[in-house]
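Which chain is which? The protein sequence lines are A and B, in order. In terms of UniProt numbering, the first sequence opens at residue 1 and continues consecutively. In terms of UniProt numbering, the second sequence opens at residue 1 and continues consecutively.
Treat the hints loosely; a few may be bogus.
[Claimed, not checked] Heads up, simulated SDA-like pairs for lysine to any residue below, C-alpha to C-alpha not over 20 Å straight-line:
no., chain 1, residue 1, chain 2, residue 2
1, A, 120, B, 72
2, A, 120, B, 167
3, A, 20, A, 166
4, B, 12, B, 54
5, A, 20, A, 232
6, B, 87, B, 46
7, A, 133, A, 146
8, A, 120, B, 45
9, B, 222, B, 195
10, A, 120, B, 220
11, B, 154, B, 46
12, A, 120, B, 222
13, B, 8, A, 68
14, B, 8, A, 95
15, A, 120, B, 54
16, A, 120, B, 137
17, A, 120, A, 166
18, A, 120, B, 65
[Claimed, not checked] Simulated coverage check for chain A against chain B, where a stretch passes if three residues somewhere in it have a Cβ under 8 Å from a Cβ of chain B:
no., segment
19, 74-86
20, 95-102
21, 154-164
Hints listed in this document are in silico derivations from the structure and should not be mistaken for laboratory results. Because the structure is a prediction, the values reported are computed rather than measured. All C-beta atoms, glycine included, are put in the ideal place defined by N, C-alpha and C.
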Amino acid sequence: MGLAKRIIPCLDVTAGRVVKGTNFVDLRDAGDPVEIARRYDEQGADEVTFLDITASSDQRDIILHIVEACAAQVFIPLTVGGGVRSVADVRRLLNAGADKVSMNTAAVENPDLVAEASAKVGNQCIVVAIDAKQSAPGVWQVFTHGGRRNTGIDAVAWARRVQQLGAGEILLTSMDRDGTRNGFDLPLTRAVSDAVDLPVIASGGVGNLEHLAAGIAEGRADAVLAASIFHFGEYTVRQAKAYLRERGIEVRL
Amino acid sequence: MLTDNAPKGDGKGAIVVVDYGMGNLRSVWQALVHVADGREVLVSADPAVVSAAERVVFPGQGAMPDCMREIEARGLRAAVLEAAGNKPFLGICIGQQMLFEHSEEGDVPGLGVFAGKVRRFPAERMLDAAGNRLKVPHMGWNQVRQVRGHPLWKGIANDQRFYFVHSYFVAPTDDACIVGSTDYGLPFTSAVARDNIFAIQCHPEKSALAGLAMLANFVVWKP
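Go ahead and model the full structure; you've got the sequences and the hints to work with.
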């Protein structure tokens, strides 16, 4: 008996709807965010993550209404990320009902934001999202701006840094694997997970249930995040958990 | 302040969530409203409202030194102690830790309602049964062993999983108050109770059906 490994469905949200595409193109409508979050809760999801992929800032407030509606109906932890630039943004999302807020580009551009936000709202609320791409064997670099800009920063070093700054958790996405359905980048996941004391959520590339198991067993991730395998009904969260349990991984069923 | 749209009232006959400016009280408020069956649920930083309440929920997030400082700054200490002395009282997370005498986090005194200390997970012992390193904070769904029976456990299975996120835990001086225990590298006390007080380390407001069941038990509890 002990702490369960978590399964976290991720919902990309824009203009009030959940969408799913491959490498940010060819977006398909996957439904109403609150309805989908509730379905995942019923299936036994351990948390839900909303990623606001809205491009224009005038639509930003839509996510607040979605978070509010979700928080009134779904009583599991809710993480929200995308476009978070300031402590005020963090507060607005927590106020709407988010439990954790994830930041990526803003954390790289202004590392003090991680420290400041963590000091204000507690490190348990602050997730730093790291988008990493392999540049050489065993070396990964941090990308920002939705994967469009290479910062040249070493991903493992950055993970250690955000731990020092006061992050409570790391959401690690492999740019190379995201959308491919070929499985997590296991060496990347393991390198980051071993480098920090914080929980690490593996993301990017899940195409089947074996990938989830590998992310935990070989990648040493504390939680696994997936989108498309759940959105289109290929697998339920419950099926995923039953599979992990068969593989000897402790889950909440 | 994190609950701008929670209703306001004088607290009489209400379930009052103590607001001292730390953490996300909205989740606690929402979950209580969900199970309160029409009873009034307020969030308040006003000592008079806490004093007038029928029952009190004392939540908490963040760091204990900040939480204690805010309790003092807002003049809430006396009202919280009074409530802990005479009405159904539910401590959650840091709200449980603050009921103890002293915390290693920032080396600060707590409210001293329970004898004992708040300790950090010891880095050198954080290994699971297979020898793998365990991360701190302890974040996610872990089991609560019901060490003793209690009305708030009603309808909740022994070893049920609840959502935790914390780096410190309570170590009571007197085992008699321990009602829940959880394993993470070591067995630690995850719930305590005495008379009208029940306090738990995990977050029932984020623990799906099991958590809602516990909150539903609390809102009708007659200690």
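Comparing the hints with the structure gives:
1. A:120 x B:72: Holds - the C-alpha atoms of residue 72 (chain B) and residue 120 (chain A) are around 18 Å apart, at most 20 Å.
2. A:120 x B:167: holds (17 Å)
3. A:20 x A:166: violated (31 Å)
4. B:12 x B:54: holds (7 Å)
5. A:20 x A:232: The hint holds at about 10 Å.
6. B:87 x B:46: Holds, at roughly 17 Å.
7. A:133 x A:146: Roughly 12 Å between the alpha carbons, so the hint for residue 133 (chain A) and residue 146 (chain A) holds.
8. A:120 x B:45: holds (18 Å)
9. B:222 x B:195: holds (10 Å)
10. A:120 x B:220: Given that 20 Å is the threshold and the Cα spacing comes to 34 Å, the pair is violated.
11. B:154 x B:46: violated (32 Å)
12. A:120 x B:222: Answer violated: residue 120 (chain A) to residue 222 (chain B) is near 37 Å, above 20 Å.
13. B:8 x A:68: Since the Cα atoms of residue 8 (chain B) and residue 68 (chain A) sit roughly 19 Å apart, the hinted pair holds (cutoff 20 Å).
14. B:8 x A:95: Measuring from Cα to Cα gives roughly 17 Å; hence the hint holds.
15. A:120 x B:54: violated (31 Å)
16. A:120 x B:137: It holds: about 17 Å lies between the C-alpha atoms, which stays within 20 Å.
17. A:120 x A:166: Roughly 11 Å between the alpha carbons, so the hint for residue 120 (chain A) and residue 166 (chain A) holds.
18. A:120 x B:65: With Cα atoms ~13 Å apart, residue 120 (chain A) and residue 65 (chain B) stay inside 20 Å; holds.
19. 74-86: holds (count 3)
20. 95-102: holds (count 5)
21. 154-164: violated (count 0)
In this structure, the earlier hints numbered 3, 10, 11, 12, 15, 21 are contradicted, and the remaining ones agree with it.
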